[in-house]
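S.K.: Work from the hints to combine the two standalone chains into their complex.
In order, the protein sequence lines correspond to chains A and B.
Per the numbering used here, the very first residue in the first sequence carries number 1; after that it's consecutive.
Per the numbering used here, the very first residue in the second sequence carries number 1; after that it's consecutive.
Check before you lean on any hint, since a few could be wrong.
[As the list claims (entries may be wrong)] Straight-line C-alpha distance at most 30 Å; calculated DSBU-like pairs for lysine-lysine:
{"#": "1", "chain 1": "B", "residue 1": "LYS28", "chain 2": "B", "residue 2": "LYS91"}
{"#": "2", "chain 1": "A", "residue 1": "LYS473", "chain 2": "A", "residue 2": "LYS414"}
{"#": "3", "chain 1": "B", "residue 1": "LYS28", "chain 2": "B", "residue 2": "LYS64"}
{"#": "4", "chain 1": "A", "residue 1": "LYS473", "chain 2": "A", "residue 2": "LYS536"}
{"#": "5", "chain 1": "A", "residue 1": "LYS262", "chain 2": "A", "residue 2": "LYS414"}
{"#": "6", "chain 1": "A", "residue 1": "LYS262", "chain 2": "B", "residue 2": "LYS133"}
{"#": "7", "chain 1": "A", "residue 1": "LYS473", "chain 2": "A", "residue 2": "LYS262"}
{"#": "8", "chain 1": "A", "residue 1": "LYS602", "chain 2": "A", "residue 2": "LYS531"}
{"#": "9", "chain 1": "A", "residue 1": "LYS262", "chain 2": "A", "residue 2": "LYS409"}
{"#": "10", "chain 1": "A", "residue 1": "LYS262", "chain 2": "B", "residue 2": "LYS132"}
{"#": "11", "chain 1": "A", "residue 1": "LYS473", "chain 2": "A", "residue 2": "LYS409"}
{"#": "12", "chain 1": "B", "residue 1": "LYS133", "chain 2": "A", "residue 2": "LYS409"}
{"#": "13", "chain 1": "A", "residue 1": "LYS409", "chain 2": "B", "residue 2": "LYS132"}
{"#": "14", "chain 1": "A", "residue 1": "LYS376", "chain 2": "B", "residue 2": "LYS91"}
{"#": "15", "chain 1": "A", "residue 1": "LYS376", "chain 2": "B", "residue 2": "LYS28"}
[To be verified] The following label-pair restraints were derived from C-beta to C-beta distances:
{"#": "16", "chain 1": "B", "residue 1": "ASP53", "chain 2": "A", "residue 2": "MET1", "range": "53 to 59 Å"}
{"#": "17", "chain 1": "B", "residue 1": "LEU89", "chain 2": "A", "residue 2": "TYR8", "range": "55 to 61 Å"}
{"#": "18", "chain 1": "A", "residue 1": "LEU76", "chain 2": "B", "residue 2": "GLN39", "range": "28 to 34 Å"}
{"#": "19", "chain 1": "A", "residue 1": "GLU445", "chain 2": "B", "residue 2": "LEU102", "range": "45 to 51 Å"}
Keep in mind that the hints were calculated from the coordinates and are not lab data.
Note that CB positions come from ideal geometry on N, CA and C, so glycine has one too.
Here's the letter readout for the chains.
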Amino acid sequence: MINEIGDYCLMLAFCFSLGQAASVGIGRGLGRWAEGMSLAAAVSVLISFAVLIHAFSVSDFSVANVYQHSHTDKPLLYKISGAWGSHEGSMLLWCSILLSYGALITLLGRGLPEGLRLKALGVQGLLGAAFVGFTLFSSNPLDRLDPAPVQGLSLNPALQDPALAFHPPMLYLGYVGFSVVFSFAVAALIEGRLDRAWARWVRPWVLAAWSFLTLGITLGAFWAYYELGWGGWWAWDPVENASFMPWLAATALLHSAIVMEKRDALKAWTVFLGLLAFTFSMMGAFLVRSGLLTSVHAFALDPARGILLAIILFITAGSGFALFAVRAPVLAPGGLFAPVSREASLVLNNLLLSAALCSVFLGTLYPILMQALFDKTMSVGAPYYMAVFAPIMTAALLILPVSTLLSWKRADLKGALQRLAVAFGVAVLAAVIGTVFYHGPFLSEMIFGLGLLVGFWLIAGTIRALLARIDFKASRLRAAPLAFYGMVLAHAGLGVFVLGAVVEGHERISVQQPMAAGDTVHLGRYDMRFKGVSSKPGKNYDAQVGHFDITDASGRLVCAAQPQRRFYPASNDMQSKVALCFQPLTDLYVVMAQPSVTAQGKAGYQVRFFVNPWVRLIFFGPLLMALGGVLSLSDQRLRLGVAARRARA
Amino acid sequence: MKYLILLLLLLPSIACADPAQDEARAQKLFSEVRCVQCQSESIQDSDAAIAADMRREVRADIAKGMSDAQIRTSLYDHYGDYVLFRPRLTKSNLILWALPPLIALIGAGLLFARRKTPENSITSSLSAEERKKLQELLKKHD
Numbered sequence: 001m002i003n004e005i006g007d008y009c010l011m012l013a014f015c016f017s018l019g020q021a022a023s024v025g026i027g028r029g030l031g032r033w034a035e036g037m038s039l040a041a042a043v044s045v046l047i048s049f050a051v052l053i054h055a056f057s058v059s060d061f062s063v064a065n066v067y068q069h070s071h072t073d074k075p076l077l078y079k080i081s082g083a084w085g086s087h088e089g090s091m092l093l094w095c096s097i098l099l100s101y102g103a104l105i106t107l108l109g110r111g112l113p114e115g116l117r118l119k120a121l122g123v124q125g126l127l128g129a130a131f132v133g134f135t136l137f138s139s140n141p142l143d144r145l146d147p148a149p150v151q152g153l154s155l156n157p158a159l160q161d162p163a164l165a166f167h168p169p170m171l172y173l174g175y176v177g178f179s180v181v182f183s184f185a186v187a188a189l190i191e192g193r194l195d196r197a198w199a200r201w202v203r204p205w206v207l208a209a210w211s212f213l214t215l216g217i218t219l220g221a222f223w224a225y226y227e228l229g230w231g232g233w234w235a236w237d238p239v240e241n242a243s244f245m246p247w248l249a250a251t252a253l254l255h256s257a258i259v260m261e262k263r264d265a266l267k268a269w270t271v272f273l274g275l276l277a278f279t280f281s282m283m284g285a286f287l288v289r290s291g292l293l294t295s296v297h298a299f300a301l302d303p304a305r306g307i308l309l310a311i312i313l314f315i316t317a318g319s320g321f322a323l324f325a326v327r328a329p330v331l332a333p334g335g336l337f338a339p340v341s342r343e344a345s346l347v348l349n350n351l352l353l354s355a356a357l358c359s360v361f362l363g364t365l366y367p368i369l370m371q372a373l374f375d376k377t378m379s380v381g382a383p384y385y386m387a388v389f390a391p392i393m394t395a396a397l398l399i400l401p402v403s404t405l406l407s408w409k410r411a412d413l414k415g416a417l418q419r420l421a422v423a424f425g426v427a428v429l430a431a432v433i434g435t436v437f438y439h440g441p442f443l444s445e446m447i448f449g450l451g452l453l454v455g456f457w458l459i460a461g462t463i464r465a466l467l468a469r470i471d472f473k474a475s476r477l478r479a480a481p482l483a484f485y486g487m488v489l490a491h492a493g494l495g496v497f498v499l500g501a502v503v504e505g506h507e508r509i510s511v512q513q514p515m516a517a518g519d520t521v522h523l524g525r526y527d528m529r530f531k532g533v534s535s536k537p538g539k540n541y542d543a544q545v546g547h548f549d550i551t552d553a554s555g556r557l558v559c560a561a562q563p564q565r566r567f568y569p570a571s572n573d574m575q576s577k578v579a580l581c582f583q584p585l586t587d588l589y590v591v592m593a594q595p596s597v598t599a600q601g602k603a604g605y606q607v608r609f610f611v612n613p614w615v616r617l618i619f620f621g622p623l624l625m626a627l628g629g630v631l632s633l634s635d636q637r638l639r640l641g642v643a644a645r646r647a648r649a
Numbered sequence: 001m002k003y004l005i006l007l008l009l010l011l012p013s014i015a016c017a018d019p020a021q022d023e024a025r026a027q028k029l030f031s032e033v034r035c036v037q038c039q040s041e042s043i044q045d046s047d048a049a050i051a052a053d054m055r056r057e058v059r060a061d062i063a064k065g066m067s068d069a070q071i072r073t074s075l076y077d078h079y080g081d082y083v084l085f086r087p088r089l090t091k092s093n094l095i096l097w098a099l100p101p102l103i104a105l106i107g108a109g110l111l112f113a114r115r116k117t118p119e120n121s122i123t124s125s126l127s128a129e130e131r132k133k134l135q136e137l138l139k140k141h142d
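With the rest of the complex left out, here is chain B (with noise of 0.2 Å):
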């Protein structure tokens, strides 16, 4: 097990070796960092002087070996939170990250605990004759 981490932890420190993984790291990196002056854009979309400087940055740090994670951590430093287009898993940001998988996996088990409740269908709220009127109408159509 030990050597499995170590293993993956190195993984990276392998990969750096190779130019088409480095820029292929850069790349999605910059998909994930927002261009401080332009208006929702990121850095690897935006042609701001700017721009230009924060993907000489992070190519910088790829080349000095940095992982993805410590160099999200160094533009985190720099420039906040509103450079990253990932938020950060905190505390604040847990509902953001938490609610949609929860709402999937909640539903899914009242589905689940609820399924053997007989069908319950309510047509009783209308008279006899509605009642006729409605089966005609549909059965037109089904």
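With the rest of the complex left out, here is chain A (with noise of 0.2 Å):
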């Protein structure tokens, strides 16, 4: 019964939604339902997936989707997260935060002009109805089996771990963000009009869907590092590469939006990038359903389901930029500056930013295309990407601080430079003595200083940036908007990780050997010893559990590891489960992979021992980036607050 109400809501939310882009299409008095609809459709959506949720929690079979991808034995929390690990949960959990983002159109945007607000509140009408639609008729995810099964098929032992039961949500809390951000773009084209203030209503969703995309890539990478087993996080993996799109062409939307918010220039360019976040949302969307990618992180492939999603993805991005190509020129006349200025060092970041993203589109589309169109196959991977990607963005980055150094409309180049020239040395410096200590080939260690260097002058030059904004006195600290401090905070933070990513990038050291109970490996400057294996029970799988003690070159012991093998009679499955023990910086990281014989003809097992130095940065980084993300627009509701109050006196 419960479940025939989630279906029946599902149908009630494809209604409204639909109801809600008519209301707004036909006018006439009627565009005002479409505030009611919105919020009407949202909750039916939210209703539907708290069922589907609760029909997870109880494991209730008689669902297709629920014996597909759940079992009794399960811990609640990957019960719960099953709800979206498959393509059709999934699908949902897009849907409900589709249309709770209309909801909160409606709800956050009683300050916008009424014109505008409807016109977005219809075209978010439109998507919703149109992915709705693809979920209710092509993946419902409440579809029932009859007769119900006594006991599920279980989900994916990788997939039951607390990083990726946030993952999902996070990363779909981002993608469908750009939503609004495209229903306004589209919004303001129809409209006829584009302005500052345009720029100041969009830039706060912006942020907020970037945060929580930078959390939930974060996340992701985690995942990747300490679930797979393989001591890497980023792979260049096509599916990864489709949540980094979306993030690059956001960032540089952001960029560009301060620009028209502070100096009415760059219009057309951002409502294009406003267009093109979500259109690479959607793209990922497509391509990890579509089946054309093989990948580590693909699921639910179906070539079906995918020709729908393209279609969708093809109409709602066609129109949309349609439209941006015939009314753009006559709204967005470009207004241009001052070479030197802060708007052109934005400028210039843009352009950096888009030349990027350019690269990660080829490398993760070239492949699928000439296998379409010629039958060759191909591979583009890391190397690629570092001879691509990392100088244009290493350009973006040395211009960074210097950026945030120049005024706007007119700034002196020469004096920002002359302020930065004690953290350019600083950052040389700790290049230089962080390059000592590495030893590599020559091209490598010179790669290995150029990225210390990069990291360093990003921090020390938004420091740098920081003092000049509060006049060296502490007194001032308060003084400064909290905007101004989630940029310090997400430049800072690039900076981290820029760090974290060049030592692990170069420094990280591995082994692989067989070693039965009583071996010892050397790795670096530590010892590890193979005490043993013994047994451990869990709740839905049996474990063996490795023991290894690892000591330091003085013999201390630093780190009793506890790799596991776990076997999930569930799925008769296998899972490495790593042992993790950290340093301050530093992770030691002990896999024990599948049985094996050493070389002196002993039973033990294929274990991988790495040294992974200052890969904490790499999360710790982009943490810090959606801090400031976050409280940068704290900042920004704070205003719109008072804004709006001030409005209603």
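M.R.: Listed below in structure tokens is the structure:
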């Protein structure tokens, strides 16, 4: 019964979304109905999603999706996260977030001009109808089975992990957040108004979605790092790239929207990026589900649904960009500005981000296109991105601190550079000292040094910008707006990330060999002794726990690592669980893989032991960036709140 | 100049003498070679038996004194384009390699060429009253 309510509510959500779009389309006083419809649609779809979660948490196997992706033995958290662990469930999550954002336009958008708000609601309604329709008619997660099986087929054990439980919701809050920007962009193009106020209204949405996306990608990277057991965190895998492309577009958008707000310029470009960010989000959703990709992350492959999603993508993005092509030249004649100014430097930042985005786009789609058009198989991987993406981003990051010290309109480049001289000196010094401790081929030593320079330069330059802002007086710390601290955190976080990525990328060492109890392996300044294996039953698996003692050069015990091999009888699946010992910045990372015979002929396990220096910074940096986004956002909301209150009074 | 080129050509073979350098080269090459039976994993990351075989192959080639480029070519001859994570620079891959830097360069060139164009900000699409409202709204937050 309860499942039918969910099904019914999903249908209701579809009708409300259609109604929302139609009432705006018809207009003539009906427009205001869209507001109510957006609320009703959000409530309906959330009920429907709650019903799915309920079905998962009580293991109701009469629902086909629960049968395929759950099991009674699973811990409750993973039963619930199973609700979005499949294609159908994740589509419902997507729809829930999409319609909730629609409701938020109604709830938070009171201060907006009515025309713009209603048109945005109309577009949001169309998007909602398309995606809810797709979910309802081709991927309904609430479809029933008769008779109901007694036991489920379980969820992929690799997905039974806290980081991955929260990864999709975060990622989707980001992806789908750009739908609001898309709707506002289309609404502004129809309305025929592109002005500074538009940029101000759109920026909080971009900030929120960008912060969520940053968190979502970081969680995904962290999951790949400690669950997949390969010691890395980013493989330039197509699915990872699919989430990275909207992030790059949104980062460019964040910065161009600032220029539009402050200087009334870059209008067409900002709107274009607004359309692009959501297009890339939809493309990501399509690529992951299309079956076009081979990836460690791809799931629920079904070409027929892929084609449907491609059609939705083609129609929405196509009409958005067509509208842009027709209207933008009329609405936003290009305003230009002095070659040395904050806005000019932000244009340069946008240009470089676009070039970087282009390299990720080509790297992701080129193999697919070559396969489809010429039937040629090829691979594009990390070395390509290091050769093309990394230099472009390096240029962008080297400019960044200078940009933050330039003033609007007409700036004094020489003065800015002079003020940054000390920060640059500090960065160079730190990079040189760091490089002394690294030994490798000459070229990689140079790249290592340059990478360190970029990281330290970002941090030191950002601190310098903060000092400039407060005029070296601690008493002025409180006077600087939150948004400024948001910028400081985001840029410093980027520097932290770069340092982590560079050091980990160059200094990661690993050893892989079969080990039997009693064996010792040496790596870097550590010795690792394999003591033996014990058994430990888990809730829905049986684990073999390996006991490893890791000692440093002085013989001190640094870590007693306990990697596991888990057997999940429900899915007849073996899963290695990584042991992480973390020193303040460095991870000791032990994986116990398949049973294997050692060189001495003793029975043991294939063991991989990594020392990953500074790897924590890779995950900590983006956290700072997202926190920066949130700080900036709370500042904006405060401002919006003030404006709204005054308007009412 | 001739001697310089000769020196550069000899450098890799000089470097070969050092086992630590050999290992560094091997690791770098491993990260560039795709395990042919795994899903988008390099032979450095993969546990599969075939990946171990391919690692052995690359190590043997290094021991023979082959250069990185020669090893890449031999891998390509053996397994085709699919095995190289660094696509070869060929006519059909030209867009892949050249477009991103071209965008950056041409874009920068365009920006530079138009740097003198005076600012041309359009607010005339707003009525006088609306413009006043907009100014007020913006003033509160600047």
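S.K.: Each hint: holds or not?
M.R.: Here's how the hints hold up against the structure:
no.: 1; hint: B:LYS28 with B:LYS91; verdict: holds (26 Å)
no.: 2; hint: A:LYS473 with A:LYS414; verdict: holds (24 Å)
no.: 3; hint: B:LYS28 with B:LYS64; verdict: holds (17 Å)
no.: 4; hint: A:LYS473 with A:LYS536; verdict: violated (58 Å)
no.: 5; hint: A:LYS262 with A:LYS414; verdict: holds (23 Å)
no.: 6; hint: A:LYS262 with B:LYS133; verdict: holds (16 Å)
no.: 7; hint: A:LYS473 with A:LYS262; verdict: holds (27 Å)
no.: 8; hint: A:LYS602 with A:LYS531; verdict: holds (14 Å)
no.: 9; hint: A:LYS262 with A:LYS409; verdict: holds (10 Å)
no.: 10; hint: A:LYS262 with B:LYS132; verdict: holds (16 Å)
no.: 11; hint: A:LYS473 with A:LYS409; verdict: holds (26 Å)
no.: 12; hint: B:LYS133 with A:LYS409; verdict: holds (23 Å)
no.: 13; hint: A:LYS409 with B:LYS132; verdict: holds (22 Å)
no.: 14; hint: A:LYS376 with B:LYS91; verdict: holds (14 Å)
no.: 15; hint: A:LYS376 with B:LYS28; verdict: holds (26 Å)
no.: 16; hint: B:ASP53 with A:MET1: 53 to 59 Å; verdict: holds (58 Å)
no.: 17; hint: B:LEU89 with A:TYR8: 55 to 61 Å; verdict: holds (58 Å)
no.: 18; hint: A:LEU76 with B:GLN39: 28 to 34 Å; verdict: holds (31 Å)
no.: 19; hint: A:GLU445 with B:LEU102: 45 to 51 Å; verdict: violated (30 Å)
Going down the numbered hints, you'll see the structure goes against 4 and 19, while the others check out.
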